[in-house]
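Novice: Protein chains in written order, with this note's numbering: chain A, 1008 to 1439; chain B, 98 to 388.
Derived from the structure by calculation, the hints contain no laboratory data.
Certain hints may be false.
[Claimed, not checked] Taking lysine-lysine pairs in the DSSO-like style, the calculated list, with each CA pair at most 27 Å apart, reads:
no.	chain 1	residue 1	chain 2	residue 2
1	A	K1187	B	K239
2	A	K1358	A	K1123
3	B	K239	A	K1252
Source: prediction; values computed, not measured.
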Amino acid sequence: MRLSRRTLLAAGLTAPLAACSTPQRRGAGGPVEITFWSALRGSQQVVDAFNSSQNRIRVVFQQIPSGGQGGYAKLSNAARAGNAPDIATIEYPQVPGYAIDGVARDITDLVTDRLKQKLLPQALKLTTFDDRVFSVPLDVEPMVLHYRADLFQAGGFEVPTTWDEFAGLARTVRSRFPDKRLTLFPTDGGTQFACHAWQAGAQWFDTSGGKWRVSLTDGPTQKIAAYWQGLIDEDLVFRNAGDSKQHDAQIGQDRVITRLSGAWDAGAQMRARPAQKGKWRIAPVPVWDEQVVGTHGGSTFAVTKDSREPEAAMEFIEWQCTHPDALTARLKSGTSSQYPVAPALVEAGAKAFPGEYYGGQDIYRLFQQEADKIRDGWVWGPRMTATLKVMQDGFAKAGAGAGTLIEAAREAQSGTMPDLLALGLSTEEGTR
Amino acid sequence: MKGKLACAVLMAPFFLLLVTVFLIPTGTAVWLSFFAADQPGLGFGPESTVFVGLRSYGAVLSDPTFLGSLLTVVLYCLLYIPLMVAGALTLALLLDSGVAKLRSWAQMSLYLPHAVPGIIAALIWLYLYTPGLSPIIDLFAKADVQISFLGIDTVLPSIVNIALWSNLGYNMVIFYAALQAVPREVLEASVVDGAGPVKQALRIKAPLVRGAIVTVGIFTLIWALQLFTEPVLLSQSTPMISARFSPSMYIYDAAFTRNNYGLAAAASVVLLAFTVALSYGVTRWTNRKAA
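Sequences and hints are given; from them, build the entire structure.
Specialist: Structure, rendered in structure tokens:
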């Protein structure tokens, strides 16, 4: 969390208010009113576009804080009080948790074949459990390599295509520019580590046997942990929180020259650092042996248990996820670069995305090529926020030189199993 | 008859509050720890509330993060309680001995931090501890000394420091009041026997306020085991305080981040039992020594 005098006060004073929520309003006789909560940028524009496109359904939008900043707590509290919005925005890792808690409604019967055909199947799989669909994915975010083209050129570096090349380049960068590093290992980046593990073929959670099989330290994860531990031990990467003033400074002062993150981050970067316009380009993420990638980020829409208008809610969700006008409205806000789950929208995305920041590079074409490489079969766990938080606690210690990354993964597993046990789930534990 | 009625009326508010803010919540926690809304298998089916016996307790006690939080709070107590008792007693003895000038001023300025609510105190110290905001860290940096108040080894002492700042004055007042009750003739007798002020403080006064020391020790112990506000606020500035740093934080995290009310309830009951057992143990131990 970024800290200033003001947020410091705000944190203390507003926390108790987060539980309050607006009651749902219903239209009488007029259009059906549904409520929609999201932290996604550009949502207001999308809602406005939808409301003016027809007059049967009126969406009342409320911008809420992002999940980790209190958005998820707000949703859970509202659901517990019985006044959750009709539609909630839930990121992929949290979908199974909200499905198990009964907040996200089983919408299998509301998802038409027409809608299904429009969506990337590997994305829909991530929101389907036990053959039941619990939310509709909006965007799918293959990890890509954002790099400073100007600094690469000045140093005569080549864009790495494999992780071996990436490590080699990390050494070169450090020896040529002692104050710079190739990249950051974010100690608050549980989802980034998960993405690396996903790419390498890890299977942290597996539901195929009718129970939750948890193995956060399987072979591929050990490989990933050893790889990044090596880069940390050799002092080839920065190791601090990604969401921090420190990292802002590292990027702003040209000290970090690549960022590993989802396609969405292109838009976030654009908004956060307009001064670096034209300096960044995007390349495929380095690979191991196979040409596969993992995803980093991405959101889905769930109809909650409290919704009294699930059909209307579903209609808005379908429009949001598959209509070109929805994507255009979002991208025109200039703060988003989401990669749509509906392949038919890529064209609209490429057209609507303001390309100057990336020197005119057709980043949507690249995202499309990378999205096709997403490794099949990944499953998120039932208490992912907590699991990743325990892992990040370990990362922070490892970054400070106490403990290792694989120990952090092990602690995350041992801190997750009691949770699942207390929830009454059938579980099985892989080797630690 | 009239006396009984007056008695009932006067005591009613106490029992009303005891029931509504203590017995009912405790009973709810115990109930929550034995029942859960379960779905079989993967957990995506319909829920039904069932009796789960000791399952939630098994989960809590097999959770290394919960046991780790207990260890943290025990370390905190070992660091905090001796410093608090010794510090408050020393200050009270100094004030009582008349060495201190401007006694009432000293008393007030030491007591004042206790009037600051815990959350505000934590915010003040968070400001002083956070690199980039803190004038203290800046000052040390100018002298080429790098200090981190929120590092992996310094974060616990930093929390102890906040607690000391908040509570030292309050406990000092308790000790000072107890010292007023020490019979003057005993003190005069010790002077006649040749005791200096230091010897008098350690040999005569301190043993005579033993009861106050035990009381303060137990109250401080119970308060310390519930460690919550300070680490929660500091955790915004340092990753070295995890969401499950202390047992109370573990309970909060289990209920509101993990939506695992059974686990949270079981952990609360375990913490309650731990606190009761520890307080009882301390009382027994000190009583036996007194006998």
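Novice: Please verify whether K1187/A and K239/B have alpha carbons no more than 27 Å apart.
Specialist: Holds, because 25 Å separates the two Cα atoms, which is no more than 27 Å.
Novice: For the pair supplied as a hint, K239/B and K1252/A, is the alpha-carbon distance within the 27 Å limit?
Specialist: 21 Å, holds
Novice: Would you mind confirming whether the straight-line C-alpha gap from K1358/A to K1123/A stays at or under 27 Å?
Specialist: Holds: K1358/A and K1123/A sit about 24 Å apart, inside 27 Å.
Checked against the numbered hints given earlier, the structure satisfies every one of them.
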